[in-house]
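Number of protein chains: 2
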Amino acid sequence: MKAEIISVGTELLLGEITDTNASYLAGQLPLLGIDLYWISQVGDNRVRLVEVLERAWQRSDLILTTGGLGPTEDDLTRETIAEVLGEELRIDPILEREIQERFARRGVKMAPSNIKQAAVIPSAKAIHNARGTAPGWWVEKDGHILMAMPGPPGEMHHMWHTEVLPRLHQRATGAIIFSKTLKVFGLPEGTVGELVSPLLSSANPTLGVYAKADGIHLRFTAKAKSQQQAEEMIAHGETRVRSILGESIWGTDNDTMASVAGDMLTEKGLSLVVMEYCTGGLLATTITEAPDTSAYFKGGLIPYSNEALIAYGVDAKLIYDYGVISSEVAQAMAEVARLRLGADVGVSITGVIGPDELEGKPVGTMYIGIDSSQNKKTIEGNYPGDRFRVKRWVTNVALFELRKMLLALD
Amino acid sequence: MKAEIISVGTELLLGEITDTNASYLAGQLPLLGIDLYWISQVGDNRVRLVEVLERAWQRSDLILTTGGLGPTEDDLTRETIAEVLGEELRIDPILEREIQERFARRGVKMAPSNIKQAAVIPSAKAIHNARGTAPGWWVEKDGHILMAMPGPPGEMHHMWHTEVLPRLHQRATGAIIFSKTLKVFGLPEGTVGELVSPLLSSANPTLGVYAKADGIHLRFTAKAKSQQQAEEMIAHGETRVRSILGESIWGTDNDTMASVAGDMLTEKGLSLVVMEYCTGGLLATTITEAPDTSAYFKGGLIPYSNEALIAYGVDAKLIYDYGVISSEVAQAMAEVARLRLGADVGVSITGVIGPDELEGKPVGTMYIGIDSSQNKKTIEGNYPGDRFRVKRWVTNVALFELRKMLLALD
Numbered sequence: 031m032k033a034e035i036i037s038v039g040t041e042l043l044l045g046e047i048t049d050t051n052a053s054y055l056a057g058q059l060p061l062l063g064i065d066l067y068w069i070s071q072v073g074d075n076r077v078r079l080v081e082v083l084e085r086a087w088q089r090s091d092l093i094l095t096t097g098g099l100g101p102t103e104d105d106l107t108r109e110t111i112a113e114v115l116g117e118e119l120r121i122d123p124i125l126e127r128e129i130q131e132r133f134a135r136r137g138v139k140m141a142p143s144n145i146k147q148a149a150v151i152p153s154a155k156a157i158h159n160a161r162g163t164a165p166g167w168w169v170e171k172d173g174h175i176l177m178a179m180p181g182p183p184g185e186m187h188h189m190w191h192t193e194v195l196p197r198l199h200q201r202a203t204g205a206i207i208f209s210k211t212l213k214v215f216g217l218p219e220g221t222v223g224e225l226v227s228p229l230l231s232s233a234n235p236t237l238g239v240y241a242k243a244d245g246i247h248l249r250f251t252a253k254a255k256s257q258q259q260a261e262e263m264i265a266h267g268e269t270r271v272r273s274i275l276g277e278s279i280w281g282t283d284n285d286t287m288a289s290v291a292g293d294m295l296t297e298k299g300l301s302l303v304v305m306e307y308c309t310g311g312l313l314a315t316t317i318t319e320a321p322d323t324s325a326y327f328k329g330g331l332i333p334y335s336n337e338a339l340i341a342y343g344v345d346a347k348l349i350y351d352y353g354v355i356s357s358e359v360a361q362a363m364a365e366v367a368r369l370r371l372g373a374d375v376g377v378s379i380t381g382v383i384g385p386d387e388l389e390g391k392p393v394g395t396m397y398i399g400i401d402s403s404q405n406k407k408t409i410e411g412n413y414p415g416d417r418f419r420v421k422r423w424v425t426n427v428a429l430f431e432l433r434k435m436l437l438a439l440d
Numbered sequence: 031m032k033a034e035i036i037s038v039g040t041e042l043l044l045g046e047i048t049d050t051n052a053s054y055l056a057g058q059l060p061l062l063g064i065d066l067y068w069i070s071q072v073g074d075n076r077v078r079l080v081e082v083l084e085r086a087w088q089r090s091d092l093i094l095t096t097g098g099l100g101p102t103e104d105d106l107t108r109e110t111i112a113e114v115l116g117e118e119l120r121i122d123p124i125l126e127r128e129i130q131e132r133f134a135r136r137g138v139k140m141a142p143s144n145i146k147q148a149a150v151i152p153s154a155k156a157i158h159n160a161r162g163t164a165p166g167w168w169v170e171k172d173g174h175i176l177m178a179m180p181g182p183p184g185e186m187h188h189m190w191h192t193e194v195l196p197r198l199h200q201r202a203t204g205a206i207i208f209s210k211t212l213k214v215f216g217l218p219e220g221t222v223g224e225l226v227s228p229l230l231s232s233a234n235p236t237l238g239v240y241a242k243a244d245g246i247h248l249r250f251t252a253k254a255k256s257q258q259q260a261e262e263m264i265a266h267g268e269t270r271v272r273s274i275l276g277e278s279i280w281g282t283d284n285d286t287m288a289s290v291a292g293d294m295l296t297e298k299g300l301s302l303v304v305m306e307y308c309t310g311g312l313l314a315t316t317i318t319e320a321p322d323t324s325a326y327f328k329g330g331l332i333p334y335s336n337e338a339l340i341a342y343g344v345d346a347k348l349i350y351d352y353g354v355i356s357s358e359v360a361q362a363m364a365e366v367a368r369l370r371l372g373a374d375v376g377v378s379i380t381g382v383i384g385p386d387e388l389e390g391k392p393v394g395t396m397y398i399g400i401d402s403s404q405n406k407k408t409i410e411g412n413y414p415g416d417r418f419r420v421k422r423w424v425t426n427v428a429l430f431e432l433r434k435m436l437l438a439l440d
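Top line first, the protein sequences correspond to chains A and B. What the first sequence shows, in the working numbering, is residues 31 to 440, in sequence order. What the second sequence shows, in the working numbering, is residues 31 to 440, in sequence order.
Bear in mind the hints are in silico, worked out from the structure with no lab data behind them. Worth double-checking, as some hints may not be accurate.
What the hints assert, rightly or not - In silico BS3-like cross-links for lysine-lysine, where the CA-CA straight-line distance does not exceed 25 Å:
1. B:K242 <-> B:K255
2. A:K391 <-> A:K298
3. B:K146 <-> A:K242
4. B:K32 <-> B:K139
5. A:K32 <-> A:K139
6. B:K391 <-> B:K347
7. A:K391 <-> A:K406
8. A:K434 <-> B:K347
9. B:K434 <-> B:K406
10. A:K407 <-> A:K347
11. B:K347 <-> A:K242
12. A:K391 <-> B:K139
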């Protein structure tokens, strides 16, 4: 079943809102084994809407539209579908009463224009909208299905789950599409692509390589009769990829670097503290975005000045001798933080976030310190880019190195 | 000039990411007076990409593509443009060297496949990518312009502003569309809408009301012969809105709550420290995202446990008597942080982030403390919602209240 999504609304083409409806629906279709080939956004313009709908009707088996079902003149989805299918719009008296009653319940006077929301065509079945006044349309004709849904995400999501998904489940071929993502850090996209290139040509499961904020994601997508079968198909590829990339793979699917490190700390019964000089709290924020953080995260210190660094207990002489941007101070920060809060592991970050160089070190120079009673290590790196990217990158490196250190504890 | 946007990437059709690039670019075109008629998303599939590009080339004067410029086999935008325009790809030696040097700087070995990012066609001019390895393409042929940009938003935004916008400005003609946004906090969207309703019917400039993460945005959009004329048209409306909403308006356009507070601190020569119990560093992170933070931000303390709270200098008896979730402890946190780092202003946050209630206080209970030598105040609030929204909300309230306190110093 070839599917197509059409999002209707001039505000989409003015950039006033981002089309989250399309990505929401796109994420739903794989579960039904339906292939999505096309997404487009079109304004409240009859000519262009007709063109888009006609093409969709020719090339797609299932067409999902959102938007353009409102009561105002510029809401044209119903009129356009009628035109494309060459059918007549007529007011459905039952729908008309429902809409009137809805306004009555809210104690609001109904604008006459709302009546157009009660219009249907012969091959359209009106679909109840529990969250708004505009009913949807389920249209079936010549082997095509067109489902017109309202634009407001709240109304659309509810209609999708209660009315559309059950209907589509009956049509679904039985095949499902299942994905699994392996998350890699520390290798550039091109290198990862080269290393796994033998698998990139596979048709089922497919393997995609994506650069993300937390590294490179490798996504297997399998089409199969059952989820179990799909998982088995993916398991083979996963084994191969893991043998190639080894410890560069830090997580899967919904894992975050913070949740992975957090789970390991919980499992080992270890507590964590951080001291971050240049990331201004991003490491602590990232750590505390994981669930149940308080089980292992004791706290953080954010010296944003040398006075603060010293006030937090870092030896002034060390700063004088080596500079704040040094592995020596990074190591001291991690140890001081760990000791003063009586934690098992301390992680620190110091570096040059920019815009200007610091202590003669270029922007992007970063030192990470990790300190536990058994291990001490510092990591040095340099990453070009804007402030935000450098902060995010060094935060990821710190969490990745923390994970490596915790793995080594086994 | 008729424009069209094409976003390339299978992950868009699997619903794994939402296409923010299209809405970003759609929001930019009105400033150039360019009409956007079409947006579509297409996967990394040669056949469908060719079809979409061919149609765009026929019907649009300006085509903006994002994505598909990466180094892996499934990145097909370059190859497809070459096919549609019937031109040959060849490696540009200068681009090749640039890419190699970029890897060298990062001390990373370049995968051979990255060379394809140095490929161009005769009618394409390579556009420098300051944030990544994939150059863009500015293609001009038969009166059409096609600009291919990388998919990662950070790379695309930077290329758009530094390379594409200036080029398009030269082509743009006649009327321009200019917008100005006023940012409001502390009032619900409905209330703001009611208050400014007299202005909502205006046709030029239009006024739009949008709920955003940092409050309610009021956007004026004027169409005029010149920017100056547009600004004058908007100035009238702005005066009216400011007389209605007064101090609830905390900023405009690119202001963030942190940058606004930061500018006031810099101007008054005051330094700032924070202590945050439940937001885990989000306040400090938000503050340090503003430019030149180190001019006024001295540092932060993130107690994520009572031991840490006490270790940082908060009186254990106070915690015992009133509990951590109290205005008394909030006030003490702000004062302790300020005094121990010798800063002028201290801001604190304590509260219940969830999932469970704490000290008998429900999730969402928040106390903010602000402490300076002249003023002390605490703000109590409760905000229902998930962890992330509560953290973001209380961080916004803290910065909004800090601004109010700084205004009162005048």
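Structure-based check of each hint:
| no. | hint | result |
| --- | --- | --- |
| 1 | B:K242 <-> B:K255 | violated (30 Å) |
| 2 | A:K391 <-> A:K298 | violated (37 Å) |
| 3 | B:K146 <-> A:K242 | holds (20 Å) |
| 4 | B:K32 <-> B:K139 | violated (43 Å) |
| 5 | A:K32 <-> A:K139 | violated (43 Å) |
| 6 | B:K391 <-> B:K347 | holds (19 Å) |
| 7 | A:K391 <-> A:K406 | holds (24 Å) |
| 8 | A:K434 <-> B:K347 | violated (41 Å) |
| 9 | B:K434 <-> B:K406 | holds (13 Å) |
| 10 | A:K407 <-> A:K347 | holds (21 Å) |
| 11 | B:K347 <-> A:K242 | violated (47 Å) |
| 12 | A:K391 <-> B:K139 | holds (23 Å) |
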